[in-house]
Amino acid sequence: MERYLLSGNEAISRGAYEAGVQVCSAYPGTPSTEIFEELPRYKDVLYCEWAPNEKVATEVAYGASIAGVRSLCAMKHVGLNVAADPVFTAAYNGVNGGFVIVSADDPSMHSSQNEQDNRYYARAAKIPMIEPSDSQECLDFMKEAYEISERFDVPVLFRTTTRVAHSKSIVTLGERKEHEVKPYERNARKYIASPANAYQNHPKLERSMKELEAFGNTSSLNRMELKGTKIGVISASIAYHYAKDAFPEDTSFLKLGLTNPLPMDLIRSFAEKVDQLYVIEELEGFMEEQIRAAGIPCIGKELIGNMYELNPQLIRERVFKETAPVTDIGVKAVSRPPALCPGCPHRGFFYTMSRHKDFVVAGDIGCYTLGGSAPLSALDSVICMGAGFSAAMGMSKAFEQTGQKRKVFGVLGDSTFFHSGMTGAAEIIYNKGNLIPVVLDNHITGMTGHQDNPGSGYTLQGDIAESLKIEEILASYGFKNVIIVDPQDLKAMEQAVQDALNSEVPAAIIVRRPCLLIKRIKHDISKCVVDEDKCIGCRMCIGVGCPAIMVKDKKAHIDQNQCVGCTVCAQVCPKSAISRKEN
Amino acid sequence: MSNVRSMLLVGVGGQGAILTAKVLVAGLMEAGYDVKMSEVHGMSQRGGSVSTQVHWGEKVNSPVIGKGAADLIVAFEKMEAVRYADYLKPDGIVVVNDYEIASSSIAAGLCEYPEGCLEAMQKNYKCYVVKAAEIAESLGNTRCMNIVLFGSLVKALGMDTMVDWEDVISRTVPEKFRELNLNAYRAGLSAVAS
Chain A
1 MERYLLSGNE AISRGAYEAG VQVCSAYPGT PSTEIFEELP RYKDVLYCEW APNEKVATEV
61 AYGASIAGVR SLCAMKHVGL NVAADPVFTA AYNGVNGGFV IVSADDPSMH SSQNEQDNRY
121 YARAAKIPMI EPSDSQECLD FMKEAYEISE RFDVPVLFRT TTRVAHSKSI VTLGERKEHE
181 VKPYERNARK YIASPANAYQ NHPKLERSMK ELEAFGNTSS LNRMELKGTK IGVISASIAY
241 HYAKDAFPED TSFLKLGLTN PLPMDLIRSF AEKVDQLYVI EELEGFMEEQ IRAAGIPCIG
301 KELIGNMYEL NPQLIRERVF KETAPVTDIG VKAVSRPPAL CPGCPHRGFF YTMSRHKDFV
361 VAGDIGCYTL GGSAPLSALD SVICMGAGFS AAMGMSKAFE QTGQKRKVFG VLGDSTFFHS
421 GMTGAAEIIY NKGNLIPVVL DNHITGMTGH QDNPGSGYTL QGDIAESLKI EEILASYGFK
481 NVIIVDPQDL KAMEQAVQDA LNSEVPAAII VRRPCLLIKR IKHDISKCVV DEDKCIGCRM
541 CIGVGCPAIM VKDKKAHIDQ NQCVGCTVCA QVCPKSAISR KEN
Chain U
1 MSNVRSMLLV GVGGQGAILT AKVLVAGLME AGYDVKMSEV HGMSQRGGSV STQVHWGEKV
61 NSPVIGKGAA DLIVAFEKME AVRYADYLKP DGIVVVNDYE IASSSIAAGL CEYPEGCLEA
121 MQKNYKCYVV KAAEIAESLG NTRCMNIVLF GSLVKALGMD TMVDWEDVIS RTVPEKFREL
181 NLNAYRAGLS AVAS
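Just so you know, the protein sequences line up as chains A and U, in that order. Residues in the first sequence are numbered from 1 upward in steps of one, following this note's numbering. Residues in the second sequence are numbered from 1 upward in steps of one, following this note's numbering.
Source of the hints: derived by calculation from the structure; they are not laboratory data. Owing to the predicted nature of the structure, the values given are computational and were not obtained by experimental measurement. Certain hints may be false.
Pairs of lysine-lysine residues, derived as DSSO-like cross-links and limited to a Cα-Cα distance of at most 30 Å, are as follows [claimed, not checked]:
#1 U:Lys123 / A:Lys552
#2 A:Lys332 / U:Lys123
#3 A:Lys555 / A:Lys519
#4 U:Lys59 / A:Lys332
#5 A:Lys321 / U:Lys176
#6 A:Lys321 / U:Lys131
#7 A:Lys552 / U:Lys131
#8 A:Lys227 / U:Lys123
#9 A:Lys301 / U:Lys89
#10 U:Lys59 / A:Lys519
#11 A:Lys555 / U:Lys126
#12 U:Lys59 / A:Lys522
#13 A:Lys255 / A:Lys230
#14 U:Lys67 / A:Lys143
#15 U:Lys67 / A:Lys301
#16 A:Lys332 / A:Lys43
#17 U:Lys22 / A:Lys321
#18 U:Lys176 / A:Lys332
#19 U:Lys176 / A:Lys581
#20 U:Lys126 / A:Lys581
#21 A:Lys301 / A:Lys210
#22 A:Lys522 / A:Lys407
#23 U:Lys131 / A:Lys43
Listing some non-contacts, in silico: residues in chain U with all C-beta distances to chain A over 12 Å [said to hold, decoys possible]:
#24 Ser38
#25 Val54
#26 Ser138
#27 Leu139
#28 Lys155
#29 Arg178
#30 Leu189
#31 Ala193
Glycine included, every Cβ here is placed at the ideal spot set by N, Cα and C.
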């Protein structure tokens with residue numbers, strides 16, 4: 001049998017394909033993105049797309065389910081906050097074709113603004129939750145998820161974490177089984193969530209959850225590995241593998257794959273077989289709280305803690321007080337935070353903002369969050385997708401109310417504009433906001449690794465698409481002065497900012513230059529060099545925060561391996577000591 | 001799991017550690033091992049510190065390890081060797097690229113690049129220092145630095161005859177870079193004295 005090393009995300013994609021899924025919609029977000037990057041390889045037999053945001057993706061997938069096909073949506077943990085609205089009501093209505101929602105959580109916040117534990121969504125929405133622990137389970141459990149969705153008439157939450165999504169392990173593939181399309185008939189009673197219908201759907205959902213709990217007691221998704229009787233561990237997801245490595249060889253395990261609703265009879269019978277019961281889970285005590293509430297004593301969070309990722313060594317330390325053999329080598333590494341790439345078009349914009357200490361700049365989620373890092377340090381806030389505009393609006397209103405004259409900017413990227421910036425832009429016009437919205441348009445969804453969006457001109461399946469024009473959208477909202485500027489020209493960038501601030505009519509700025517990493521565009525790449533005779537070591541060029549520049553022996557030095565010749569550093573040099581080599 | 005061996009590949013986003021791990025894993029699978037690896041994507045790839053973990057053995061549970069548990073660290077940049085040194089077993093092996101990349105905090109003048117990274121690693125661990133950047137440059141393309149280091153790590157772990165690595169590399173890297181990478185592999189092997 002052919003064995004493949006697949007990431008959890010690749011295996012989820014494969015599992016959905018094998019389950020006969022037909023319609024898939026998602027918005028990219030680390031660590032979930034690769035699920036959908038893999039799907040186009042199956043485009044002959046399924047439809048897949050990037051939606052403008054997670055709520056739209058979830059509604060598209062749910063609509064497809066109502067129409068009778070198996071459907072998929074996927075998002076990072078915070079994406080489920082955006083998508084929560086349809087999820088809760090889809091739970092009441094139920095499904096026609098199987099409907100699976102993938103949520104990829106990010107403990108330790110490798111690439112996220114918080115480490116919320118999305119298992120609580122399954123409880124709150126009253127939907128079954130499946131948690132795979134490795135790539136083979138990602139594939140196999142996906143198929144099981146569709147069966148459960150259809151059998152119990154509910155959406156299924158398929159929850160991974162970074163280490164499940166991005167770890168690779170060996171997988172044996174199966175074949176795609178075409179799923180019989182359920183005939184579509186109007187069913188107003190089921191799918192129109194009017195108060196009267198919802199009133200009847202709620203008890204149906206409660207019954208489903210009861211049946212699911214009984215199902216979980218015997219389902220192969222949950223399994224006992226009985227060894228010794230001294231210690232028993234209940235675990236799920238990646239924490240199961242950590243615990244397997246950390247606990248003694250003779251430990252018995254109850255490994256759960258269906259974690260909402262918890263199979264309490266199975267848990268009770270496992271607990272009775274061991275002297276001491278541990279519940280090992282990453283982040284919150286989601287299982288532990290319920291197990292304790294059922295009157296089953298266990299040890300867990302008081303030792304394990306509820307923050308950040310675990311690993312086998314941390315469990316050894318916290319449970320068995322075994323510290324790692326660590327040598328003090330006497331040298332310490334200094335921090336190496338991520339930074340805007342050399343040649344990043346965001347640099348010119350943030351450099352301009354950094355020259356005005358009186359500006360208040362509300363930022364957003366994307367590569368441009370790095371505009372808040374030193375030495376640019378040009379952001380006041382970053383909250384969530386879309387808040388770049390709307391939080392800036394609130395700040396400007398607060399300043400107005402209290403008589404403070406502050407110049408407020410709201411900043412977000414092109415993909416974020418389509419995601420949830422458009423509503424903020426409407427808010428600014430409608431409620432007469434005194435701020436400048438800025439769209440950093442680099443033609444791509446950058447931080448997640450270059451996914452297309454409604455402005456990029458292509459679809460996930462690689463087809464040419466209508467490219468939505470941000471300037472036309474803003475103009476139609478009522479921004480009568482939309483200024484488009486190339487951030488690589490610092491003079492023009494500064495002029496655009498001043499023109500917007502001085503505008504008599506509502507103004508917005510589109511900072512436009514494609515991301516240098518976009519492969520389908522031919523970029524004008526060269527190198528900048530320092531004339532050491534002219535350089536006075538004033539460090540002005542360091543202020544642009546480019547990883548390619550550093551000062552050595554009182555002279556600026558540009559790493560020729562990294563430099564792409566964007567000239568932003570050259571434009572700030574007071575002695576014209578930096579020049580671009582022409583190709 | 002005592003029969004599981006663990007390796008960390010550490011460096012700076014964009015240095016090509018993921019391709020190195022890919023070649024290694026392809027060979028380990030060919031040799032019949034159970035393999036797990038773990039990468040982190042997203043924000044840290046933008047010039048930040050990155051690490052990829054590879055574990056192999058008869059049966060691997062966890063795709064990640066904590067401190068004091070790695071058999072080998074391959075550092076694509078010398079300060080990154082220092083950063084992750086805590087992850088090594090006391091008798092762990094280090095292959096370190098004699099190559100320096102300033103971090104954005106150093107470039108911004110907020111701190112200095114630490115002195116004595118290589119010496120500290122050599123003093124405390126069995127350490128192979130490889131001038132992979134120089135070697136790669138002499139082969140005509142600095143980007144094959146990752147495969148130079150691959151050759152060195154294979155030699156350092158005594159795995160150079162485990163499978164036909166040249167065949168594995170040929171299958172894994174793009175056709176037009178095949179010769180370059182095979183040369184890089186051979187140069188990496190000989191950079192580590194047996």
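Tested hints:
no.: 1; hint: U:Lys123 / A:Lys552; in the structure: 28 Å, holds
no.: 2; hint: A:Lys332 / U:Lys123; in the structure: 15 Å, holds
no.: 3; hint: A:Lys555 / A:Lys519; in the structure: 34 Å, violated
no.: 4; hint: U:Lys59 / A:Lys332; in the structure: 35 Å, violated
no.: 5; hint: A:Lys321 / U:Lys176; in the structure: 53 Å, violated
no.: 6; hint: A:Lys321 / U:Lys131; in the structure: 41 Å, violated
no.: 7; hint: A:Lys552 / U:Lys131; in the structure: 22 Å, holds
no.: 8; hint: A:Lys227 / U:Lys123; in the structure: 44 Å, violated
no.: 9; hint: A:Lys301 / U:Lys89; in the structure: 28 Å, holds
no.: 10; hint: U:Lys59 / A:Lys519; in the structure: 40 Å, violated
no.: 11; hint: A:Lys555 / U:Lys126; in the structure: 37 Å, violated
no.: 12; hint: U:Lys59 / A:Lys522; in the structure: 47 Å, violated
no.: 13; hint: A:Lys255 / A:Lys230; in the structure: 17 Å, holds
no.: 14; hint: U:Lys67 / A:Lys143; in the structure: 36 Å, violated
no.: 15; hint: U:Lys67 / A:Lys301; in the structure: 21 Å, holds
no.: 16; hint: A:Lys332 / A:Lys43; in the structure: 50 Å, violated
no.: 17; hint: U:Lys22 / A:Lys321; in the structure: 35 Å, violated
no.: 18; hint: U:Lys176 / A:Lys332; in the structure: 40 Å, violated
no.: 19; hint: U:Lys176 / A:Lys581; in the structure: 28 Å, holds
no.: 20; hint: U:Lys126 / A:Lys581; in the structure: 44 Å, violated
no.: 21; hint: A:Lys301 / A:Lys210; in the structure: 27 Å, holds
no.: 22; hint: A:Lys522 / A:Lys407; in the structure: 37 Å, violated
no.: 23; hint: U:Lys131 / A:Lys43; in the structure: 45 Å, violated
no.: 24; hint: Ser38; in the structure: 4 Å, violated
no.: 25; hint: Val54; in the structure: 9 Å, violated
no.: 26; hint: Ser138; in the structure: 15 Å, holds
no.: 27; hint: Leu139; in the structure: 15 Å, holds
no.: 28; hint: Lys155; in the structure: 23 Å, holds
no.: 29; hint: Arg178; in the structure: 21 Å, holds
no.: 30; hint: Leu189; in the structure: 24 Å, holds
no.: 31; hint: Ala193; in the structure: 23 Å, holds
Consistency note: the structure conflicts with the earlier hints numbered 3, 4, 5, 6, 8, 10, 11, 12, 14, 16, 17, 18, 20, 22, 23, 24, 25.
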